[in-house]
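Participant: Residue numbers (the working numbering), protein chains in the order written: chain A, 1 to 263; chain B, 264 to 603.
Please note that a few of the clues may not be correct.
Said to hold, decoys possible - Facing chain A, from chain B, some residues (calculated, C-beta under 7 Å):
hint : residue
1    : Ile356
2    : Arg369
3    : Asp557
Bear in mind the hints are in silico, worked out from the structure with no lab data behind them.
Note that the coordinates shown come from a computational prediction; the quantities given were computed from them, not determined experimentally.
Cβ atoms here follow ideal geometry from the backbone N, Cα and C, with glycine treated the same way.
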Amino acid sequence: MRGYIAFIRGAMLVGVVYRLGFLFTILGNIVYIIIAYFLWRSIYSGSDSINGLTFDQALLYVALGSTMFILLKTYTDWGMAGEIRDGTISIYLTKPIDYQLYNFFTTIGFASTSLVTVTLPTVLMLLFVFRIHIAFGVGYLFFPVSLLIAFIIGFNFDYAVGLMAFYTESIWGISITKEIFISVLSGALLPLQFFPAAIQQILMWLPFQAIYYTPLMMVTKPDQEVGVFLQMLAVQIAWAVVTYFLSRMLYNQAIKVLRVAGG
Amino acid sequence: MTLIHLKDLAKHFKILNRHEGLKGAVRDLFSGDYRTVKAVDGISFDIEPGEIVGYIGPNGAGKSTTIKMMTGILKPSGGVIQVNGLSPYDNRIHQAMIMGVVFGQRTQLWWDLPVIESFKILKEIYKVDQRMFDDHLGMFNELVGLKALFTQQVRTLSLGQRMLCDITASFLHNPQVVFLDEPTIGLDISIKAKIRSLILELNRTRNTTIILTTHDLGDVEALCRRIIIIDKGKILYDGDIKKVNALFGAYRTLKLQIKDYSDATLAALQERLTGRFGAAHGITVAQTEEYWTDVTIDQARTPLADVLGFIMSNFPVADVRIVEISMENVVRKVYDGALQ
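Same shape as in the complex, but just chain B (with noise of 0.2 Å):
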């Protein structure tokens, strides 16, 4: 049975149009010039129980208000949504009970209070039994070893400890399905992979559905099996990760700084790199930010190993940095039509 079901849901909001400096604001203030922002806009899938599900975007694709509208917060302007067949916006309090929730920038903790009393809170409003709490402590305790953060107070702990704490809470109540948008957001690499290993361990062991939203495309190939890429509100790709793998997982980008950079640099290197490795070599050179070029390459196609030996005794290169290609990137290679 479909757990979650979405056919053409759409929200749209009414936004007033701000104008510039204190004359501006003043003017806003009597102003009834608003324009409609499509932020979903006639989405439509099916996800079955067990499901980890990366749904993904560039900032503003609409991601946070999907997940808004699947929790109920958010009612659809229009189409379908149902949870476990009802509306989750009209059923909201019966709804949130087999629903678990982590906002990665913000906390369902309290603040000011020892971890341990959030949790008893929680125990309280999804009236957890008594020893289901035990034991689940007592699991995630084993997975990524919380018992000395229990009294601790929230606001003493760091982004990762937090974060921790977050997702255990979400779990508490062995709920059906877990939304966790950006549970890694601003997280170092040890506490990502642990983070990572217990959403894995906690969907093997109670095959609680997943929907990840997240901006690290590492999150969406250590635990995704299926991906949802969307952009301004609507979706361009709905399938198997393994497809898109190939998008990213074979695509690096070469940053270079290369001393006296000027608009010709980048002519050049671009004509070298095309004289040197033929027409379709699979490489683009582009300028993102300042005093960086970013060359990004296609492995499949050309060695990176080569295209670096070969810039670095041709060009002045200053700075190298290598780094994984960005959502942006996957996204415009999407458009370009990369996955048809």
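This is chain A alone, in the form it adopts within the complex (with noise of 0.2 Å):
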């Protein structure tokens, strides 16, 4: 466990080299948000609450959503194919650890780097210079929990695409198609609120929810009851076992196929 620990710490220190890209992230956001200011103000012209949200609420949900796609966005999927493409992952294959794990915990230092570095200044930045309207609730203290199982769940979709490359060396298109299955599915762009309800219906049912919709709708409404929040909760563990577990079964079967350039 130490040494995954040290893969944390040697992250976040590479997240540090490249601060000076921080800063562009925390601008391209910024426009983000106020676009979809404008947007939502104009949905909601004339109306205080469409699908059981507010103006509040919903830009809440948005740049909420917006920001923690930054943070989520580790580009795990990519490292990795890299690494399998050019044969840098026998290096790794040499040293007394996991490869999972190792993933995951230098994806959780790069994660960190960018928490203190984007996230939290745009949390501030919503607050303060936006004034967005917050409610206070119990909510709250299930969101940070519901994040980090949120990222656990992205991280196990990243690890398995990211493991095709495995068999089909070049992860572009598969990573381009689980970005939007993602953003879209997840109501990570959009509230499910706002989809049909057949449609919602379903996407219950799925893995995406439990990577935004979740956390975001523990913010955006949190004064329910403590039930409610746990039962979220319960959902999201879940699918982040199942998710764990298949992309480990992946692991096994692709590992076979490796074969590594040089003789």
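Two chains, each in its own frame: build the complex with the hints.
Facilitator: Structure follows, in structure tokens:
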């Protein structure tokens, strides 16, 4: 375990090396939030509440959603695909470490840096510059846990996509498809309440909503009963476990086709 | 006790037959046209603790594939492989604790971080205690003067500096066996010498077993007592280096650029040399690259200086280089039965 903690530290240090990049990420996100603000302003013109959400709630959902998107977009799949393609993976396989856990902890490290340098400044800006109105409630206590589980599920997806490089060498198409699926079906772009009822029903049975919709609803509607939040967490945990085992099974299959260049 | 035991080890790859051009590439998308490549085809040997073994052969001989099976990266297609009594592939994480690996063309160091940070990460994953860690780095500092590099970002190191750091890293947890896969590739003479003496010193003081693959016969001469030559996945020779040394130690190749070269020149050269030095002169003539004619001389039979003098005075030579015999030539000679 000590070893894996060292990976978090190492990845954080690497993250800091590229500190200038953060400024652009924050800037890009702010532009997105400004556009979202005017878009949702016009959607809400003349009505206080749509699909059970007020304007403030919808804006908080969308702005926080895009901030979360940056936090969860760790490019783990791209990094893995590169390592698998050029054979660097053999370096990790000669170390006494588990490849999945190694990737998980380095991803945590990168995300920790971006949590401090991108997420926190953006959240402060939402509160004090955009003055987004928030209602306090017990949901805020569950949010950090939910965010961590969402991170794990998101990682499992990335990891599985990265493993596809064993078979396909290039994961460009697979990764783009994954991005689209997650950003649309998880409620990252649009709260799931805005989908037709039948589609909502289906989406609730898929793992994607556990990544964005669940944690975002905890802060958008924080004043619900504790039982409701516990149930949401239970579903999330179930998906984290399922995706973990599926991606581990995939690894056990994929590693068999490993062929490292060089005689 | 035997440290590494290989018996009839084999690794076969299924490779898609790729076709030329865009049309061929599209066809490949739906193709089931595979061929089997026997990268390693029935290899057996045993290695004792403390040995330095040169594992050599031409490109694509199966050296790296064997190393990757010994380190547990690849699963063998057949045969037995045991390191310290266990199968490396099935006990990969456990076995990795007693192994160190250097791949000359890749680095295990974190590209964006100062060297010392990579060492610290390795210290944690191998559970090396602080005192051993300090002793180890102190010793390396004494041997090759590494300290100045510790705070440098890995990507700013020269290839030679990086290799010294990589070797340091692979010995950090005091492994029983270290695999060095082309550790001197692309390095200049002085850094090669440094790396060789470092490896010898580590083997001497810690009794670390070392498996070395290389293209550089100089590495083999300087380091190994035992040598295993492999080609096309099979062992050609396994034994004392002295016997092989006679093969490449005594041989030198004269590379000649002859003015107005034509196909007839080669035949004329061969004929004149035979005329001058007799039939059993141990000289072979070949053209291996454009404009260059190779004259390989067995110095035990004919002095190089005599041959050079004779050629210079009888042929219009524009340029001359003298090179040691190449790995490919050694292997060719072994094939021709030179070791029997």
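Participant: Would you check whether B:Ile356 satisfies its interface hint, that is, whether its CB is within less than 7 Å of any CB in chain A?
Facilitator: 5 Å, holds
Participant: Taking 7 Å as the limit, does the beta-carbon of B:Asp557 come near enough to a beta-carbon in chain A?
Facilitator: Status violated, d = 25 Å.
Participant: Once the shortest beta carbon distance from B:Arg369 to chain A is found, is it less than 7 Å?
Facilitator: 6 Å, holds
Comparing the model with each earlier hint shows a violation of hint 3 alone; every other hint is respected.
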